[in-house]
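J.: Each chain, written out:
There are 2 protein chains.
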Amino acid sequence: MDNKKFTRHIDLSRVKITDNFWRDKIELVCREVIPYQYLALSDKIEGAEKSYCIENFKKAIAVNKKIKAGQKVEKFPVDKWHYDESNSDINAFHGWVFQDSDVYKWIEAAGFHLTIKYDEKLKAQADEYIELICEAQLENGYLDTLYIINDRDKVFTNLKDYHELYCFGHLAEAGVSFFNATGERKLLDAACRFADLICSTFNEENIHGYPGHEICEMALVKLYDVTGEEKYLKTAEFFINERGKKPYYFDIERNTETDGKEYIYNQAHIEPRKQDEAVGHAVRGVYLYSGMADISKRLKDDELYLACKKIWRNIADKKMYITGGIGSTVHGEAFTYDYDLPNDLAYCETCASIGLIFFAQRMAEIEQKAEYFSVVERALYNTVLSGMAKDGKSFFYVNALEVFPKASKFDERKKHIKPVRQKWFSCACCPPNLARLISSLGSYIYYENDEEIYVNLLISSKVKTDKADVEIQYNSSSGDVKIYVKAKKAFTLKVRNGEHGYTSYYINNEDTINLNIRQKPKLIKCSENVRENMGKVAVMKGNMVYCLEQADNGFDLHRLLISSNPEFEERDDYILANGFREKESEKGLYFEYKVPEYERIKLRFIPYYKWGNRGENEMTVYIRVKNE
Amino acid sequence: MDNKKFTRHIDLSRVKITDNFWRDKIELVCREVIPYQYLALSDKIEGAEKSYCIENFKKAIAVNKKIKAGQKVEKFPVDKWHYDESNSDINAFHGWVFQDSDVYKWIEAAGFHLTIKYDEKLKAQADEYIELICEAQLENGYLDTLYIINDRDKVFTNLKDYHELYCFGHLAEAGVSFFNATGERKLLDAACRFADLICSTFNEENIHGYPGHEICEMALVKLYDVTGEEKYLKTAEFFINERGKKPYYFDIERNTETDGKEYIYNQAHIEPRKQDEAVGHAVRGVYLYSGMADISKRLKDDELYLACKKIWRNIADKKMYITGGIGSTVHGEAFTYDYDLPNDLAYCETCASIGLIFFAQRMAEIEQKAEYFSVVERALYNTVLSGMAKDGKSFFYVNALEVFPKASKFDERKKHIKPVRQKWFSCACCPPNLARLISSLGSYIYYENDEEIYVNLLISSKVKTDKADVEIQYNSSSGDVKIYVKAKKAFTLKVRNGEHGYTSYYINNEDTINLNIRQKPKLIKCSENVRENMGKVAVMKGNMVYCLEQADNGFDLHRLLISSNPEFEERDDYILANGFREKESEKGLYFEYKVPEYERIKLRFIPYYKWGNRGENEMTVYIRVKNE
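Protein chains in written order, with the numbering used here: chain Y, 1 to 628; chain R, 1 to 628.
Everything hinted at is true.
As a list, the in silico DSS-like pairs of lysine-lysine whose alpha-carbon atoms are at most 27 Å apart:
#1 R:LYS423 x R:LYS393
#2 Y:LYS261 x R:LYS415
#3 Y:LYS406 x R:LYS318
#4 R:LYS415 x Y:LYS409
#5 R:LYS415 x Y:LYS318
#6 R:LYS274 x Y:LYS409
#7 Y:LYS594 x R:LYS541
#8 Y:LYS583 x R:LYS541
#9 Y:LYS583 x R:LYS594
#10 R:LYS587 x Y:LYS318
#11 Y:LYS4 x Y:LYS309
#12 Y:LYS409 x R:LYS246
#13 Y:LYS587 x R:LYS274
#14 Y:LYS261 x R:LYS423
#15 R:LYS415 x Y:LYS415
#16 Y:LYS123 x Y:LYS25
#17 R:LYS587 x Y:LYS541
#18 Y:LYS587 x R:LYS310
#19 R:LYS418 x Y:LYS261
#20 Y:LYS318 x R:LYS594
#21 R:LYS415 x Y:LYS418
#22 Y:LYS409 x R:LYS318
#23 R:LYS309 x Y:LYS406
Quick look at which bits of chain Y chain R covers, simulated, 3 or more residues with Cβ under 8 Å:
#24 317-324
#25 401-410
Calculated from the structure, these hints are not laboratory results.
Ideal Cβ placement from N, Cα and C applies to all residues, glycine included.
Full structure from sequences and hints, please.
T.: Okay, here's the thing in structure tokens:
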């Protein structure tokens with residue numbers, strides 16, 4: 001690990017995105033998702049399933065007041081993942097065990113928006129929620145409404161399942177985002193107080209536990225970065241060091257003895273330093289790996305970094321869908337085995353691709369290999385964007401690569417694959433995660449270190465750093481790129497060149513770099529180790545994956561083939577290609593084979609992320625190829 | 001419905017199978033399966049999971065004695081599908097709710113074997129078990145050990161889930177088989193006494209219920225056929241008439257009100273006469289449809305027969321695997337929607353194909369269409385035979401068409417698909433069902449009515465009827481068929497001619513019919529409505545499906561293709577064909593498509609039923625085709 005090569009992202013406040021496509025997406029999030037979720041958190045949306053999120057904070061405040069007044073406080077059981085009005089006392093906590101994180105993610109996204117463009121109303125809304133959050137915090141810094149409301153004596157007794165450290169992670173990320181946006185420390189301080197409690201609870205002398213759902217590792221590093229407080233980094237490392245050690249902490253916690261196989265779900269079956277494969281719940285996985293990368297960079301921990309590299313290779317080479325989706329099965333929302341990438345049974349949670357982006361961003365900070373931001377692009381332009389409808393009002397949680405609405409309706413195995421985006425989810429992790437990622441996009445375009453500025457993503461934008469002002473103008477239709485640079489001191493500008501590397505430009509003054517990187521549609525094949533895709537191809541332009549939708553190509557997409565010589569015709573919004581529809585050979589279920597007849601047709605491909613915006617219909621990414 | 005065309009099977013005692021292949025199979029069942037199960041029922045096999053079957057009968061006898069002696073009898077809960085030593089009192093019933101049926105199926109098969117060839121030891125073993133069964137029967141005829149042991153007051157209170165009427169069905173079939181074999185009425189009488197209780201319990205004036213797991217409809221018809229007792233037929237009809245009526249009996253029983261969707265599993269969502277599609281649990285389905293066909297024939301019920309015909313068409317045209325397997329999903333072991341026939345997720349329970357054979361046999365008795373026995377052949381030579389290992393010592397419950405051992409091990413979705421046959425199952429429905437089907441094969445080869453004898457299956461055998469002695473000599477290698485007929489009076493011999501029909505031969509004396517029906521291997525395509533099989537074919541010879549196994553063709557069967565001009569070479573045990581192995585194009589997960597290169601190879605196909613006899617390895621029925 002060569003720390004001279006380390007880079008860091010550039011603060012969101014220094015970057016201005018001028019690209020129309022992304023400006024529209026960011027504004028859509030600001031206009032639709034953030035205000036909608038603001039109301040959803042307080043259960044002010046008629047007809048929507050209740051969130052209970054703010055209600056829980058208000059209940060926690062009442063408990064907190066009683067405690068401070070020395071009054072007796074009721075207890076309720078903490079024994080479920082989800083509490084609703086049918087299975088818990090009306091005065092108890094409601095919603096999912098991780099319900100608090102919803103408001104934290106909302107504040108984090110709001111912080112990013114306030115950084116980009118100040119908005120009084122949004123600021124006031126955030127202040128209102130921050131006020132409630134801080135009032136709910138216990139004297140000792142503890143802050144998780146499930147346990148505050150239901151049972152103060154049970155805190156940190158079920159790290160495996162009940163998400164206190166997960167909620168803390170999102171609290172810390174929200175605190176950092178809001179502090180960066182406004183300079184106001186209130187929420188950041190609350191996060192630090194909870195962090196202090198966590199640091200004094202989890203250490204060599206006290207509890208040797210670690211979170212069941214990771215995130216607090218990378219969140220503690222963020223707190224360390226912004227406060228300089230060493231113990232936050234040390235506690236993050238402690239969680240990594242303890243994870244997967246024998247005897248298993250989760251065994252001790254549950255008073256049992258297992259072989260650890262069930263902790264594969266939590267990536268806690270072996271020590272992270274010994275892990276070399278992405279396993280278990282995909283979101284948890286990539287959150288852990290992101291934290292590992294963060295820690296290995298800051299502590300120059302080569303062993304931990306080597307594990308990160310092995311895990312990265314396993315994902316990128318064997319467990320990642322062409323769309324940047326990860327998680328091949330609904331069972332445990334999990335990674336499966338190498339090359340198991342079924343199109344029609346995929347899980348590919350939006351949040352998992354967001355987590356994969358986090359992991360890639362952190363790996364690039366350690367070594368600026370082009371493949372990391374190539375994967376960021378792949379995940380961003382396909383699975384992440386696909387997560388949100390054109391109008392920002394509905395969302396996919398699962399992003400399969402082949403959808404047949406009849407199967408989603410009647411096949412238990414495909415019930416998780418929705419043929420249309422859903423308005424909101426009771427387990428609403430993806431929409432706010434998507435909101436925070438898109439809102440903070442500006443901070444990932446450029447990385448820097450003392451000698452260099454890296455252009456990771458070709459997105460029209462401007463950045464001001466100590467070394468230079470840089471402006472990218474990129475026209476994705478013509479492929480023309482102009483990069484204007486005004487250096488304040490000599491430095492090297494490094495521009496990512498696809499997957500292959502970064503091209504260097506030594507700059508010591510004012511300069512304009514002209515490039516043309518026009519992407520052409522291509523037929524892409526998948527490794528022959530992926531059983532599902534033999535004889536099939538996908539269409540891509542750069543890292544943008546295309547798909548066929550029934551709305552354009554008629555029903556029964558499985559009857560279509562693309563020519564190996566497709567003569568692509570690019571249009572504004574779609575691509576035409578030479579293809580075929582296999583004619584029906586005979587009535588009946590089984591009959592003697594004759595070489596099929598094919599009708600020549602034009603296939604119409606649209607970007608994958610745009611699918612499902614025209615009602616319920618079939619979609620496929622992969623199509624059989626006919627060699628000509 | 002034209003009752004002049006009705007046919008009936010010929011008693012097993014009149015038919016002698018001379019065919020080596022089938023004689024070996026029947027002897028294998030007699031030598032391996034029957035003796036093994038005899039011991040299994042009494043838990044005398046070391047290391048095997050306990051059956052508890054005979055133990056339950058002994059407990060029931062003790063209860064019965066106490067009742068007769070006027071002593072107080074303990075009660076235990078009846079609240080589960082399965083009772084083992086961990087979740088029930090040691091003195092209570094153990095095993096599955098349908099555990100009694102295991103000994104009934106064993107006796108039924110034993111009866112068939114005693115019919116074919118008397119065996120003193122087997123007879124004595126059967127007598128021993130029959131003695132126990134009859135001793136356990138309550139004074140009023142009731143006979144189900146779960147309720148006798150656990151709670152006499154609760155009988156017939158959970159028809160939906162707890163299988164009393166199902167166990168009765170197998171008791172009746174055992175009673176009939178043993179009576180036919182030996183002329184001894186003891187078990188038959190016990191079945192009739194239980195049937196009498198059922199008839200007086202379920203009728204217009206009393207309980208309007210019906211079984212959750214069908215079989216007793218066809219079993220009551222068997223009792224009617226052998227005893228001539230009208231009420232048995234009437235009660236069978238009553239079950240059909242009540243099934244699916246609103247308000248749902250299962251709702252009443254459970255004191256709830258539903259829209260009936262959950263009763264699709266039991267085919268009880270609408271009245272059988274209104275059903276036109278095969279739905280729900282596949283075994284239950286085909287058992288119901290068999291009963292419906294039985295009743296419609298005997299009562300000349302055109303409406304019911306029409307429903308049978310519609311359901312048959314739905315299965316044969318849209319829901320049957322090429323192997324005669326049915327049930328496309330593990331969820332509810334069920335039928336799904338039309339043309340949903342995934343190869344690698346199939347359920348295709350051995351018992352379901354046996355039930356499909358029952359249904360086809362009964363449909364053929366009403367109208368001798370060749371397609372019925374063509375389906376019998378398809379199910380028999382593929383899914384049924386595949387259920388048992390070459391040595392008769394291990395069994396498949398599930399018969400998928402594509403098996404990748406790694407997936408079976410690591411993919412939750414494919415956990416039900418075992419890559420090797422299992423020694424025995426705690427839910428041991430398939431092995432004894434297979435035993436009784438194979439043992440009784442002789443009775444299905446020929447059907448007759450007053451004017452005709454039908455040859456349904458080309459299996460070397462001899463039959464003696466009132467009309468004639470017939471002998472078939474069939475050499476499957478050469479395709480030569482000789483049928484010797486010695487008529488006692490003039491009649492028409494009808495020989496099935498593939499799927500297309502029966503060829504008639506008018507015979508009034510002694511005659512020899514010479515045919516050649518040599519089957520050649522063919523490439524078979526599946527309807528384009530089946531998404532999974534586009535671009536793929538299977539190899540069949542007659543109704544025998546062939547498959548590729550890793551043991552012969554190397555790993556990664558998905559890389560293989562068959563030529564559209566395969567130039568089949570037939571060997572004793574296998575078929576060679578021209579094919580290709582797709583060469584690896586590039587390292588990496590995603591890359592630009594180039595027309596692949598192929599290595600020419602010889603593919604080696606073996607009969608599907610023989611797969612999995614050489615250890616754990618990959619298998620596939622469908623293979624991609626390369627048009628040349």
